[in-house]
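**Q** Produce the entire structure from the sequences given, and follow the hints as far as they go.
Protein chains: 2
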Amino acid sequence: MTIFYDNRRPYDNYAASTKEWDVIFIGGGASGRFGSSYFKAMGGNQLTIEMDNHLGGKCCKNACTLHHYLYEIAVELDKARIWEKKEYWPKFPRKNGKVEILPILRDFMIGREYVFDFMFHQSKEQLNLQFLLNQPASIVDPHTVKVEGKGEFKTKNIVVTAGAGPSIPNIPGTNLKGVYTYANFLDLDYEPNDVVVVGASKSGMPWACFFNAVGCNTTVVEMMPALSQFPLDDDVRDYTLRMLKIRGLPVLDETTLISINSDSSGKVNSVTVKDKNGQTKNIKADLVYLATGCTPRSEIVSHLGVNIGPKKEIIINKYMSTNVPGIYAAGDITGGIMEMWKARQGGMVATKNILGNPTEFETDLFADTLHTFYETSWVGLTEKEAREKVGQVFVARMPVQGYKSWLPLPLCEGAMEYAMQWPDLRGFQKIIYDAKTRKFLGAQHVGYGGKDSFQYLLYLLKKGATIDDIANLTELFINPTHYIQLSRLRAGMKNLVDLA
Amino acid sequence: MTIFYDNRRPYDNYAASTKEWDVIFIGGGASGRFGSSYFKAMGGNQLTIEMDNHLGGKCCKNACTLHHYLYEIAVELDKARIWEKKEYWPKFPRKNGKVEILPILRDFMIGREYVFDFMFHQSKEQLNLQFLLNQPASIVDPHTVKVEGKGEFKTKNIVVTAGAGPSIPNIPGTNLKGVYTYANFLDLDYEPNDVVVVGASKSGMPWACFFNAVGCNTTVVEMMPALSQFPLDDDVRDYTLRMLKIRGLPVLDETTLISINSDSSGKVNSVTVKDKNGQTKNIKADLVYLATGCTPRSEIVSHLGVNIGPKKEIIINKYMSTNVPGIYAAGDITGGIMEMWKARQGGMVATKNILGNPTEFETDLFADTLHTFYETSWVGLTEKEAREKVGQVFVARMPVQGYKSWLPLPLCEGAMEYAMQWPDLRGFQKIIYDAKTRKFLGAQHVGYGGKDSFQYLLYLLKKGATIDDIANLTELFINPTHYIQLSRLRAGMKNLVDLA
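Sequence lines, in order, name chains L and D. Counting with numbering that gives the first Met the number 0, you get residues 0 to 499 for the letters of the first sequence. Counting with numbering that gives the first Met the number 0, you get residues 0 to 499 for the letters of the second sequence.
Calculated directly from the structure, the hints in this document are not laboratory data. Don't take each hint at face value.
Same chains, same label: a pair holds when it works inside one copy or across any pair of copies.
To be verified - Here are the computed lysine-lysine pairs in the DSS-like style, where the Cα-Cα straight-line distance is at most 30 Å:
1) LYS266 to LYS123
2) LYS493 to LYS123
3) LYS155 to LYS90
4) LYS351 to LYS438
On a predicted model such as this, the values are computed, not experimentally measured, just so you know.
**A** Encoded structure:
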């Protein structure tokens, strides 16, 4: 096995020249790399400048990939403790009642070197991109980029894809030893026992579930009502939260973090919060994990007259262009939701516009997933929103409301054993139609193996698919989601009535 | 918890009358039950007669559900042994080196009573179906069905949905103690050590992997070249087989079962096979599992002049009608592939035709999955077929051919840890496009969490989706299948060239 990329020195594979580039991408993360790939594929001449020692951005360094790694370990540990000593499952050995975290992180840090390596290989060998690594860039003017020790690069266009970094709440104690975000979590050098995760967010929940699953006494603190930021119906939200409660993971919602406190050595020992009744209390903690959002790194363009929004986001129009001609932006630096699809597609759309193929980027409608010990996925309208919007709706829901016996159907992949023995843990799902027009309006799923299909359910939604279209699909039984057969059970009716 | 259905006595919930029914479904399995649901939903008056004590057919009794249950246990056991004592994983305790099978089967048998119960509840309370249980029916003429002890029922139409039973090869020893099919596997009353599974088929492989995972010395015997019955490319087939080999599960292909042999007590002790070189040899076995297909139960119509095919299948036209007016058939009794979607949709299409809404049933194009320790899913043309049919194709494949280092990308759900430490086990995928028309032609995936999406990829295929359509989809990162982003990396090219 070979490590191709070298993290010790600057790297460049472009042919040195004084030529003018068609575009320079500032940042080689998701938006910069996919934008560059598309640019190259369309025949343009791109250069991508990355300040870190690898392409792929924070995703493969310490964010999405780490998030998923910890989530998958949380799922395995969760199964192991739920089934412990039942049927064929063994007693699960834990040192002092806990699984050690540091070896898990060490294995990730070894593995990610190979991820960086593949990013390098794919970008260089498969996609023929030109790029610089380990080289911070500054923008001199809309057609000039300066790299320390390399001089100035001339370019027709710049796409700013420099991403975002963790937001730190403005409270006392955030700089204490024992306070982490995704950005420094891999620096962890001790085994925590009492953990507070701040933010019941997409990035906070997988960490919280991981800490809970390894055996840390874990508490989630959230300013808003729990999971209220996600477009979920109450039944799906309740199921998701109940699955956390069963696992002993409290979510203190409508609760504000006041301060992070330390012992005399400067090490975190508690947090102070104000709860929903206005009561102040302390929670013991030897590790505080902040999942309180990200802030765009827009300072890179602040001297150029580029419009910046109140959350430090670069303001772009639907063609990915800033107010300064020649300067575009894509990905997390443009604010709003910070998702991979938005970064990648944004880079692609910026490319199309630069190369004279005017393309609008629509980011309002998307499917999404929250990771806990399950995946909670959603697309489209909730039942509540649908009832408000179209009036009469048809909903197929599993488990069935009012069914008092065990419902042993697996509602996701890997839930067959749960279904047979502990059916409450087998997942949850619903699909929502307009009862009059028969149009598919939305779906929600809690479980495993269903997330991938939500990519395509979004497509069906955008295409205006009806219950009849979905009932005519060909299911792959036993499918993790039962949308097709549930729809088929009712699609024969002229006037759709709930399966009550 | 309540058991609603009662397996000790006949059950009927139809109002006794001498009226003529619109339709009688003979058999309450997938095709009978979904056909009945659709019939009822369209306003028709149906009666469903089932000889067994529950609705849902063999699926929830001893076939598909059991198959998936064993598959999911095989997956868990497989992970437990691969990771044993690595990182946080425990030593996996086995009695005499084996996990006991009988408790696993017992738990299934308890659980399925609740499955039967839900089938009953859904059919009666949610769908308002009329049905009889525990009552074998015979067909007197196309408008008369006789039930022992109940008399004759008049009907305008009959849909024969009586299913299929296991095919038994015509060789010596198939009636020995220790020979099983899905139909009697739950009668198992001992712990086997040496198992031969006959048939590297969709129904044989999950059983074989289960036996292997619990610790039985397991061998698969297959007449054809291994997995050649599935439309898979060599690379996908090789990966699937290699994953079996790594787990110590040999597949003896192009090998014919000659006899099943016993000791003096009449208990199986070996099988005799003829291998691909014509050599005869014995394989030790105290359990033989036959997964050698199913035979339609068409004898139920043999006296009525209904056309029966060479494999005992009832011959139907594309409107689900037999040659005898008033008699339709659907599901496994019509032969060919025996899949849930075909049974359910067949019942639905028969209903539409009976109720005067002429509908053709197209069964040529479908997605499918083979369960081993992974799911191998496919849809559309293979790369080889595509090259023969359209000439120039574009293929995106992971892992990348010729990449010699570790490829740590997870290519399915639950593979993040494999990706970091044992990347060869992380899955496999490819997507195939027509390089000229840019049309999506097919996809194949080995892994977890991708099966559900193949239902929708089939829809995209039927709709004529292109690489540009797929590159414009909005992915849910980290998605188990990377089709969208792999497509996007190349979609910018006017002339598609492989990612080599």
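**Q** Now look at each hint and say whether the structure bears it out.
**A** Comparing the hints with the structure gives:
1. LYS266 to LYS123: neither (44 Å within a copy, 63 Å between copies)
2. LYS493 to LYS123: between (57 Å within a copy, 20 Å between copies)
3. LYS155 to LYS90: neither (63 Å within a copy, 61 Å between copies)
4. LYS351 to LYS438: between (33 Å within a copy, 21 Å between copies)
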